[in-house]
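Student: Sequence:
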Amino acid sequence: MATIIVQPGGARAGKQRVDLTTIAHNRLMLLLILFMLITGVVILRLTWVGIFAGSGRGGDVAAGLPARADIVDRNGVPLARTMDAYSIAARPSKLISDPADLARKLHEIFPDEPEAAFYKKLTGKGWAYLRRRALPEEVAAVNALGEIGIEFPREKERLYPQRTLAAHVLGFAPDADGKGGMGVEAAFNDRLTDAALRGQPFAMSIDSRVQGALESELYAQLVQTRAKGASGVILDANSGEVIAMASIPVFDPNKLQNYAGKSCSESPLCNHMVQARYELGSAFKPLSIAAAMDRGVVTSMSKTYDATAPLGIAGFRIKDDHPLGRWINVPEILVHSSNIGTARIADQMGAEPLQHLFRELHFDQRAPIELNERAGTLWPANWGRITTLTVSYGHGIAVTPLHLASAYAALVNGGLWRPATLRKLKAEEVPEGRRVFSAATSARMRQLLRMIVAAGTGRSADAKGYRVGGKTGSAEKPQEGRYNKTSLVTTFASAFPMDNPRYVVLVTMDEATGQYGLRTAAWTAAPVVKRVVERTGPMLGVLPDERRDVDISDLMPLLHGDKEKE
Numbered sequence: 001m002a003t004i005i006v007q008p009g010g011a012r013a014g015k016q017r018v019d020l021t022t023i024a025h026n027r028l029m030l031l032l033i034l035f036m037l038i039t040g041v042v043i044l045r046l047t048w049v050g051i052f053a054g055s056g057r058g059g060d061v062a063a064g065l066p067a068r069a070d071i072v073d074r075n076g077v078p079l080a081r082t083m084d085a086y087s088i089a090a091r092p093s094k095l096i097s098d099p100a101d102l103a104r105k106l107h108e109i110f111p112d113e114p115e116a117a118f119y120k121k122l123t124g125k126g127w128a129y130l131r132r133r134a135l136p137e138e139v140a141a142v143n144a145l146g147e148i149g150i151e152f153p154r155e156k157e158r159l160y161p162q163r164t165l166a167a168h169v170l171g172f173a174p175d176a177d178g179k180g181g182m183g184v185e186a187a188f189n190d191r192l193t194d195a196a197l198r199g200q201p202f203a204m205s206i207d208s209r210v211q212g213a214l215e216s217e218l219y220a221q222l223v224q225t226r227a228k229g230a231s232g233v234i235l236d237a238n239s240g241e242v243i244a245m246a247s248i249p250v251f252d253p254n255k256l257q258n259y260a261g262k263s264c265s266e267s268p269l270c271n272h273m274v275q276a277r278y279e280l281g282s283a284f285k286p287l288s289i290a291a292a293m294d295r296g297v298v299t300s301m302s303k304t305y306d307a308t309a310p311l312g313i314a315g316f317r318i319k320d321d322h323p324l325g326r327w328i329n330v331p332e333i334l335v336h337s338s339n340i341g342t343a344r345i346a347d348q349m350g351a352e353p354l355q356h357l358f359r360e361l362h363f364d365q366r367a368p369i370e371l372n373e374r375a376g377t378l379w380p381a382n383w384g385r386i387t388t389l390t391v392s393y394g395h396g397i398a399v400t401p402l403h404l405a406s407a408y409a410a411l412v413n414g415g416l417w418r419p420a421t422l423r424k425l426k427a428e429e430v431p432e433g434r435r436v437f438s439a440a441t442s443a444r445m446r447q448l449l450r451m452i453v454a455a456g457t458g459r460s461a462d463a464k465g466y467r468v469g470g471k472t473g474s475a476e477k478p479q480e481g482r483y484n485k486t487s488l489v490t491t492f493a494s495a496f497p498m499d500n501p502r503y504v505v506l507v508t509m510d511e512a513t514g515q516y517g518l519r520t521a522a523w524t525a526a527p528v529v530k531r532v533v534e535r536t537g538p539m540l541g542v543l544p545d546e547r548r549d550v551d552i553s554d555l556m557p558l559l560h561g562d563k564e565k566e
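If you're matching positions, the sequence shown starts at 1 in UniProt numbering and goes up one per residue.
Worth flagging that the hints you see were computed from the coordinates, not collected in a lab. Computed from a predicted model, the values in this text were never measured in an experiment. Mixed in with the good hints, there may be bad ones.
To be verified - The list that follows gives simulated cross-link-like pairs (lysine-lysine, BS3-like), each with its CA atoms no further than 25 Å apart: (1) K156 - K255; (2) K228 - K255; (3) K121 - K94; (4) K319 - K477; (5) K255 - K179; (6) K477 - K228; (7) K228 - K485; (8) K156 - K179; (9) K156 - K121; (10) K94 - K105; (11) K179 - K424; (12) K303 - K319; (13) K120 - K105; (14) K255 - K120; (15) K255 - K121; (16) K319 - K485; (17) K105 - K121; (18) K120 - K94; (19) K105 - K255; (20) K125 - K94; (21) K125 - K105.
As the list claims (entries may be wrong) - Have a look at the derived ranges for each label pair, beta carbon to beta carbon: (22) E266 - G126: 33 to 39 Å; (23) P538 - A140: 45 to 51 Å; (24) N372 - R104: 41 to 47 Å; (25) G124 - Q257: 21 to 27 Å; (26) P249 - R326: 42 to 48 Å.
Don't be surprised by glycine CBs; every beta carbon is placed ideally from N, CA and C.
Model the full structure from these sequences, guided by the hints.
Tutor: Put into structure tokens, the structure is as follows:
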């Protein structure tokens, strides 16, 4: 039988080993807990920095938000983009350099910013931008100053790579994820900031090639004629899409200035195509005569009207600038731009048909287009007899040039009015349109408009082979309760090719002086249309063809043969 001998210190040694194991386990758990706490603090700190650090800078884009959608032209050319960019900012409380010395060095890097402006920011109470959209070399130069109180946040910036091109149409967005300030950026703000669609560029109806040509020709004419301003639009006559829209002077949406308090006539931000309203003069005459055709007032092109002397009514005298002094027919009224002849037709027609047509063309309200910045019209308060007569030739009513462009689209496309749009439309998205002229009247007006260019006041718009048709309009600007005879707004409203109209081209010049000091539309606005059509026709798929034209052989014999005048 074996004997078990128990050593006196064995139980104590075993207990010591258990105690050491427990201590080691507790220490390990303590270290693990400490590590987890440190990890948690780091994660919380990173989260705080990533989400809330921007609140101290006031201008940072919130982390994780997708960028504002790009804007492209109808061919995919980028017109507005959101990109990561550097900014330069300062925390005055952390500066280690003398603010005055630092301001001087910053002014050397950014000479366009006054040294005093930098000093004010460097000595302010809070975080402040020193530069937005800084170039990499500028960031490197500032970083080399070694100032720990200067930071270089990366932010989303809205950039316009084509600079001034289509600036009035595009508008601007002060912040990449803020609200648009004007133009498409403001009108389509919800679409551009829609989280579900931000990956998809917004396609405008604008063709950047055509836009560039229009702006170039408008600017050249403005300089040549010493005009106060110029504007133009190219409209798809069958869909209402705006292919180009320009207003001179221009601005660069990348470099906005403070234009607050300036009127539309003074501010480069003003889009004169939709924000300026004018009495557009004789360009209204084709609309009035078309209304008379549809109402059965004008039933024959050969019918004549008394233009032997000024038309007197209620103490006023309606006269022609270059009177023919005889009875004239409808083609002659338009070819020679007779106020007297147009007024006599309107007098026979009466006020109601003219009012009805102009309301159908939206002349009594803002131009139907997506832009927010649109001027209201000046609609006559009293449609008496004298008003009916003067409105028929474009006096006593003021609309924007875009109103007239949309009206001319209906006049030549078969009679269907459609609203203008800045969206690129698919075939199935084109509105059916609302009939405002009969198809027969529209066909006749195509002939008459072509005659004006072929043999009348619009001859300087005759781009060979493009079959341009249109009408001049020269109106005196109202000033201090009367009309200023030396201050004209001149317009040429046209379409091409007139045998199958595809595009409306309208140009308006503000106080231009043409060759030999002549100021009327025939000398100031019509030549621009000719050059624009010649440059943009091939871009738009319309090639010159002198073998084709509108058949006006039945109307040409009706012209008396007098020298064409406006």
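Student: With reference to the structure, classify each hint as holding or not holding.
Tutor: Checked hints:
1. The suggested pairing of K156 with K255 holds, with an alpha-carbon distance near 16 Å, which does not exceed 25 Å.
2. Simply put, K228 and K255 have alpha-carbon atoms about 23 Å apart, close enough for the 25 Å limit, and the pair holds.
3. Our distance criterion of 25 Å between C-alpha atoms is met by K121 and K94, whose separation comes to about 13 Å.
4. At roughly 18 Å between alpha-carbon atoms, K319 and K477 fall within 25 Å of each other, so this suggested pair holds.
5. Straight-line distance between C-alpha atoms of K255 and K179 comes to about 17 Å, which keeps the hinted pair within the 25 Å bound.
6. The hinted pair formed by K477 and K228 meets the criterion: a straight-line CA distance of about 13 Å does not exceed 25 Å.
7. A hinted pair counts as satisfied when its Cα atoms are at most 25 Å apart, and K228 with K485 qualifies at roughly 16 Å.
8. At roughly 14 Å between alpha-carbon atoms, K156 and K179 fall within 25 Å of each other, so this suggested pair holds.
9. With a C-alpha separation of about 22 Å, the suggested pairing of K156 with K121 holds against the 25 Å cut-off.
10. For the given pair, K94 sits about 18 Å from K105 by alpha-carbon distance, which is consistent with the 25 Å threshold.
11. Among the hinted pairs, K179 with K424 is consistent with the structure: their alpha-carbon atoms are about 22 Å apart, no more than 25 Å.
12. Note on K303 and K319: the hinted pairing holds, with a Cα-Cα distance of about 20 Å set against a maximum of 25 Å.
13. This hinted pair checks out: K120 and K105 have alpha carbons roughly 14 Å apart, not beyond 25 Å.
14. About 22 Å separates the Cα atoms of K255 and K120, which keeps this hinted pair within 25 Å; it holds.
15. A threshold of 25 Å between alpha carbons decides the hint, and for K255 with K121 the separation of about 20 Å falls inside it, so the pair holds.
16. For the given pair, K319 sits about 14 Å from K485 by alpha-carbon distance, which is consistent with the 25 Å threshold.
17. Proposed proximity of K105 and K121 is supported: the alpha carbons are some 14 Å apart, at most 25 Å.
18. For the given pair, K120 sits about 15 Å from K94 by alpha-carbon distance, which is consistent with the 25 Å threshold.
19. Among the hinted pairs, K105 with K255 is consistent with the structure: their alpha-carbon atoms are about 23 Å apart, no more than 25 Å.
20. Annotation: proposed proximity of K125 to K94 holds, straight-line Cα distance about 11 Å (limit 25 Å).
21. For the proposed pair K125 and K105, the alpha carbon gap of about 21 Å is at most 25 Å, so the pair holds.
22. E266 and G126 have their C-beta atoms about 35 Å apart, which keeps the hinted 33 to 39 Å range intact.
23. Our hint of 45 to 51 Å for P538 and A140 holds, since their Cβ atoms are close to 46 Å apart.
24. Checking the proposed 41 to 47 Å range against N372 and R104 shows it holds: the Cβ atoms sit about 44 Å from each other.
25. Distance hint check for G124 and Q257: the Cβ-Cβ separation is about 23 Å, which falls inside the suggested range of 21 to 27 Å.
26. Between P249 and R326 the C-beta distance comes to about 45 Å, which sits within the given range of 42 to 48 Å.
Against the hints set out earlier in the document, no violation occurs for any number.
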